[in-house]
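**Q** Here is what each chain is made of, one letter per residue.
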Amino acid sequence: QQQVKQSPQSLIVQKGGISIINCAYENTAFDYFPWYQQFPGKGPALLIAIRPDVSEKKEGRFTISFNKSAKQFSLHIMDSQPGDSATYFCAAAHETSGSRLTFGEGTQLTVNP
Amino acid sequence: NAGVMQNPRHLVRRRGQEARLRCSPMKGHSHVYWYRQLPEEGLKFMVYLQKENIIDESGMPKERFSAEFPKEGPSILRIQQVVRGDSAAYFCASSPLGQGTGEQYFGPGTRLTVT
Chain A
1 QQQVKQSPQS
11 LIVQKGGISI
21 INCAYENTAF
31 DYFPWYQQFP
41 GKGPALLIAI
51 RPDVSEKKEG
61 RFTISFNKSA
71 KQFSLHIMDS
81 QPGDSATYFC
91 AAAHETSGSR
101 LTFGEGTQLT
111 VNP
Chain B
1 NAGVMQNPRH
11 LVRRRGQEAR
21 LRCSPMKGHS
31 HVYWYRQLPE
41 EGLKFMVYLQ
51 KENIIDESGM
61 PKERFSAEFP
71 KEGPSILRIQ
81 QVVRGDSAAY
91 FCASSPLGQG
101 TGEQYFGPGT
111 RLTVT
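Chains A and B supply the protein sequences, listed in that same order.
For the first sequence, my numbering begins at 1 and goes up steadily by one.
For the second sequence, my numbering begins at 1 and goes up steadily by one.
Please note that a few of the clues may not be correct.
Calculated lysine-lysine pairs in the DSSO-like style (CA-CA distance at most 30 Å, straight line) [unchecked claim]:
| no. | chain 1 | residue 1 | chain 2 | residue 2 |
| --- | --- | --- | --- | --- |
| 1 | B | Lys27 | B | Lys44 |
| 2 | B | Lys44 | A | Lys71 |
| 3 | A | Lys5 | A | Lys68 |
| 4 | B | Lys62 | A | Lys5 |
| 5 | B | Lys44 | A | Lys68 |
| 6 | B | Lys27 | A | Lys58 |
Chain B residues, not near chain A, derived (Cβ > 12 Å throughout) [said to hold, decoys possible]:
| no. | residue |
| --- | --- |
| 7 | Arg15 |
| 8 | Glu18 |
| 9 | Lys51 |
| 10 | Glu52 |
| 11 | Pro61 |
| 12 | Glu63 |
| 13 | Phe65 |
| 14 | Gly73 |
| 15 | Arg78 |
| 16 | Gln80 |
Hints were generated in silico from the structure; no laboratory data involved.
Since this is a predicted model, take the numbers as computed values, not measurements.
In this text, a Cβ means the ideal position worked out from N, Cα and C, and glycines have one as well.
Produce the entire structure from the sequences given, and follow the hints as far as they go.
**A** What follows is the structure, given as structure tokens:
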């Protein structure tokens, strides 16, 4: 019940295209859903996050869409750039019980020039 | 404002030795989390600490692993009698005091190699 499932495992997109990564969770107690970006040899960097009181959040080229009834959320990267090439992790947490993050398996994104 | 600092960045230990990983949270943060990332896998929660308290250690292996976050100084993750399966990247994250927020900021990690 603690799992977060992420897909696809890898994704190749052309420069200027839209990258879409999907996640699904089981635990209905989760109430915080961040996305992290990780470059090789680096730590994960918080990219954008959403809470269940909204269905969408946009920051620059990054958008989270959230579907509470389906227990799914997704990351959209608009106008993808080669510099976006990295591994992306979705995560979920139950803030009132300590906020430990449960991570998805990761998606390796490659944006071709 | 310096970010989360971890040292060493790389650590090589022989089987049976002890590994000590250090984490200094961001200034003003008193919540520390440790995660482990095995090769080609996602991050797995290990332990959540506040100053002088272990809040949640449900992700810690039952033996050989321990963590502390003293009143003064960095948080330390200690692995005794390391085995090859302990080879991984260990990340520390910190969160602000009192916010109860899930926002966690990660350090660069310590890459442990057990030979």
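**Q** Work down the list of hints and note, for each, if the structure agrees.
**A** Hint-by-hint comparison with the structure:
1. Lys27/B to Lys44/B: holds (25 Å)
2. Lys44/B to Lys71/A: holds (21 Å)
3. Lys5/A to Lys68/A: holds (15 Å)
4. Lys62/B to Lys5/A: Cα-Cα ~26 Å, so holds.
5. Lys44/B to Lys68/A: Holds - the C-alpha atoms of Lys68/A and Lys44/B are around 24 Å apart, at most 30 Å.
6. Lys27/B to Lys58/A: holds (28 Å)
7. Arg15: holds (25 Å)
8. Glu18: The claim holds: Glu18/B sits with its nearest Cβ about 24 Å from chain A, beyond 12 Å.
9. Lys51: For Lys51/B, whose nearest Cβ neighbour in chain A is about 15 Å away, the distance exceeds 12 Å, so it holds.
10. Glu52: Holds, because the least Cβ-Cβ distance between Glu52/B and chain A comes to about 16 Å, which exceeds 12 Å.
11. Pro61: Its Cβ never comes within 12 Å of chain A, the nearest being 16 Å, so this holds.
12. Glu63: holds (21 Å)
13. Phe65: holds (16 Å)
14. Gly73: Per Cβ check, Gly73/B is outside 12 Å of chain A; nearest 21 Å; holds.
15. Arg78: Since the minimum Cβ distance to chain A is about 20 Å, Arg78/B lies beyond 12 Å and the statement holds.
16. Gln80: With a cut-off of 12 Å, Gln80/B remains clear of chain A, as the shortest Cβ separation is near 24 Å.
Violation of the numbered hints given earlier is absent; every hint is satisfied by the structure.
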